[in-house]
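With the hints as extra help, turn the sequences into a complete structure.
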Amino acid sequence: MINRIVAWAIDRSAAMNTLMIAIILAGIFSFGMMRRESFPEFELEIILVTVPYPGAAPAETEEGICQKLESAIHPIAGIKKLTSVAAEGVGYAIVEIYPGEDAQKILNEIRGAVDRIPSLPQLAENKDVRQVTMRNPAIRVGVLGPKGETSKEAEKELRNLTEDIRQELLVQKPLPKSGLAGMFQSLKVNPEQPVITQADIIGAKPFQIDVEIREEDLRKYNLTLKQVAEILRAENVDIPGGILRSEVGDVSLQSKNKGVTGEEIAELPLVRTNGEVVLKVKDIATVYDGFADVDSIDNVNGHPANVISVMRSPTEDITQITEAVHHYVEERNKTMPQGYSLEIWFDQSLYVEERMDLLMTNGLQGLLLVFVVLALFLEFRLAFWVAMGIPISVLGAGVVLIYMGQTINMISLFAFLLALGIVVDDAIVVGENIYRYQEKGLKPLKAAIEGTSEVFPAVSASVSTTIIAFAPLLFIAGIMGKFFAVMPAAVIAMLAISLFECVLILPAHLGHDVSRGESFTKWLFTPIQPLLWLVEKANQGASRCLKFVIERIYTPSLGIFLRFPLIPLSAATALLVITLVVVAQGVIPFVFFPKMDSFIISAKVVYPDGTPSSVPDAATRELEAIALQLKEEVSPEKDLYKVVHRAVGHTTGLASDGTGNNESGSFIGVVDIELVDSGERDYTSQQLISRWRELAPEFPDAESLVFSEGGGPGGPGGKSIEFKLLAPMKHMDELEAAAKDCVSFLSDKP
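First residue of the sequence shown: 1, per my numbering; consecutive thereafter.
Keep in mind that the hints were calculated from the coordinates and are not lab data.
Glycine included, C-beta positions come from ideal geometry on N, C-alpha and C.
Accuracy of the hints is not assured; some may be wrong.
Claimed, not checked - Derived CB-CB ranges, DEER-like:
id	residue 1	residue 2	range
1	H326	A571	17 to 25 Å
2	I467	T555	29 to 37 Å
3	A57	N126	29 to 37 Å
To be verified - Derived lysine-lysine pairs resembling DSS-like cross-links, with alpha carbons at most 30 Å apart:
id	residue 1	residue 2
4	K226	K282
5	K81	K205
6	K446	K537
7	K226	K205
8	K177	K105
9	K446	K282
10	K537	K81
11	K740	K724
12	K724	K482
13	K173	K152
14	K156	K443
15	K177	K156
16	K631	K81
17	K258	K152
18	K220	K282
19	K205	K642
20	K282	K205
21	K443	K547
22	K256	K156
23	K156	K80
24	K205	K173
25	K280	K156
26	K80	K724
So, in structure tokens, the structure goes:
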């Protein structure tokens, strides 16, 4: 059967060449069109309900928000786990649903149940119910103000400038490119549409309009603060007036009365008499634009700063976003006000580009090594066509991935790198066996048919077993399955195309008599005839060396092992036992993801709820000073840090704490440091974190001080070890004491 298939392919070599060229062109097109991202983006089977409760302590949030959320959500079907979290000023409900359930249906039911809760506190208005999406920021931009400027006017000026920068980022268009890259870009995106669709200001205090009224003025007009608040809420609205229909057309009527600035709020009426306004807000109140009373501090490289996180939507390419941001920041810094500047960090496209460069380098190195080794021991033409199996397999897999809707990301690139060393094996076996039959004197057609048919069962079995080994990864459920789905798809596609290429395309190239085109070939390679002569001489020398090894070393050794089979069996068994012992004893540690050098190191200090922001502020200042001291200690003459970002009142989401979420509260402080590229420093991120931890003092009142890495290759989330203590509300004091005992016990462990 296989003989007829191979003969059919050889008879139609033109079709096989056309197919090969089609795979190469389609693969180049697919890789050019595929979106690039740092990690796969997908929706989790988790629904998050967030209810702000400004000014409330955690105990008040638990009673006023969380208990009511649990009662409303719990009866809904399809929920696997319901967890509520009460924090300072906000309550959360984290709903995990069973795999396979209709997430959108459950989301709508939860949203309706939350809206129907009748007794939520009046201040808890801005409820948010959404399905959690695993997303990573593409890049971050810091708007840095003058050093030492901490006044409210300076804070307002910085905040307004940050909002202007954010709006300008949202209208940036993709940078024009030329050549093949420009062609792919024109096919993927509209050059007239903005390339950035989401840019969020993180950690900054939200705008707030303050209305201050003296008590005597309230008494003078027989008003209370509650009445004033109700009047403002009723007056500060846009009222639709319906539609006025006429022969000319329809006109939409609307009363525009909603103020968004302090001046507009000051003009709102407070008291009316017979329909006339007799008292406005400005008559008895001082109104000014300010910020919400939120403890939030951001400091970048010693400057007060606001941070803009530029996100990537599922349809956007990360490299196009970061290129546009880099270009914008470079140009905008030329026109920034005196003392202000823009700083970039956490550029996730660097890792994607680094992996793509590594894939390209490894692919070319593999191609060259395979070609050189085969050219040394076999013939030039055979080496060339066998080596071509590598790019054909990679490009063919790209066609499969774009059809499946996959992207170029850290996981898919890792899969390509993993399979590069496998895909060429079957082509080497088939090509070498065809060459062996040609050496016996068979004509190329007969040698190609016999050589391929003889090893096809072994080659197909080898590829099939590898495919079977990766296939179960396609059926993993949950977060891990979604995260790793692209890896088995890429590997299996490469292996399948490699098998197809070595059984049909390779024999079609090796099964023809080259003597008919020998004169043309000699003419074509005339410029490199000296090089070909050297290759031929090297081939002859390598063949003699290989013959010597086979006859003098390999054959006698094989004879000994066949006469005394217990020797190799005992050696193999001993190696297996040693391997099991080494793994079982932890000599080779087991980690789900290897510790790779990262470009972000971070320290996060957390104090008990209710701690004033001045405490973590002082702690982070000390951690920042120690980090700068560390830099002088290990790298006094070379740059070690690109950016040092200190935040109080919120986290930054950069450290790999397993959650990827931003926390907030006056009791939290974080110091994030972006390192220079690994090739420009003498210390790894792990070594720097270890030394930073050694230099850091004890913070006795802190609940935790965690040093971690972020920004580099990592997993889909989840802390290394996590356990929870549960108890009814009436035993909360005992629960807190037990948690402190656990922390104290674990802190003493190495």
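So which of those numbered hints doesn't the model satisfy?
1, 3, 5, 8, 9, 10, 13, 14, 15, 16, 23
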